[in-house]
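Trainee: Just need the whole structure built from these sequences, with the hints factored in.
Heads up: the sequence shown is residues -17 to 261, going by my numbering.
Keep in mind that the hints were calculated from the coordinates and are not lab data.
Quick reminder that beta carbons are idealized off the backbone N, C-alpha and C, glycines included.
Not one of these hints is a red herring.
Each pair of labels, with its calculated beta carbon distance range:
1) R223 - G61: 24 to 34 Å
2) S247 - A175: 28 to 38 Å
3) F79 - Q110: 35 to 45 Å
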Amino acid sequence: MPVLSTLYPTAFVTGASAGIGRACAEMLLAEGVRVWGTARVPDRLAPLAPHPGFTAVALDLENPLEAEAAMLRAAAAAGGRFDLMINNAGYGLFAPFVATEFPVWQRQIEAMLTSTLRLAHAALRGMQAQQRGCLVNVASLATEFPLPYMTGYNVVKAALSAFSESLLVETRNSGITIIDFRPGDYRTSFNQAMQTHAAAPAAVADAQCARVWQQLEANLLAAPPPARAAADLRRALLARRRGIVRSGSFFQAGVAPLLARFAPSGLRRAVMWRYFGAC
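Mentor: So this is what it looks like as structure tokens:
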């Protein structure tokens, strides 16, 4: 089986400083792919910097025009376009919807969705010119099993999945591959970073909210390392898979999607509420 660098010599990975983004960048570098990885603070990319195939890019999704310009500058340095783009950057907000000022939710949706679509639009134009390439939109299993108290995150991830589905039709007769990558829980610092973007869960005087937060923390601690998600994506890329690629524990990546598709809505919600400690 060929190494990924023969299929995708260059790659652009957003949110490469930690978690799944960093694991994907490390996996691609190990495969001989030249990687341009982004972070809002480039210093956070220092662990990847020693690799000769890695280039750090400062990119903040909350500044969409500059984010697009940064990506296009990187593409020019890569030879005019990227063979592979992984839209991974994002963050969570954990709080009751009405307990947080609406502009906070709006900012999350504009950064994680609108700015991500802007980057995808620019990247796909380069791929279309050559009739080859791969766009990976990192959605979430929250598309099928929404996370309690994370409404903005759920909306963004569901929209990214719908976006990928639309592109699958548009690119059907081209050499471009679209992957809707849906990871579940992985053992990352996601929850700790989440508290920097919204009111800390401890500040929410809601017993149910507190129980859900504790369960989310427990789920992350028991979750596999993000390298497993990168390995799942590697297999999908090598197999030239298109469409949905799920990654996670047996329950999250196997049982939960079946419940979402086939179980009565009442049963599905009851299982979800119990799983997240909401009852």
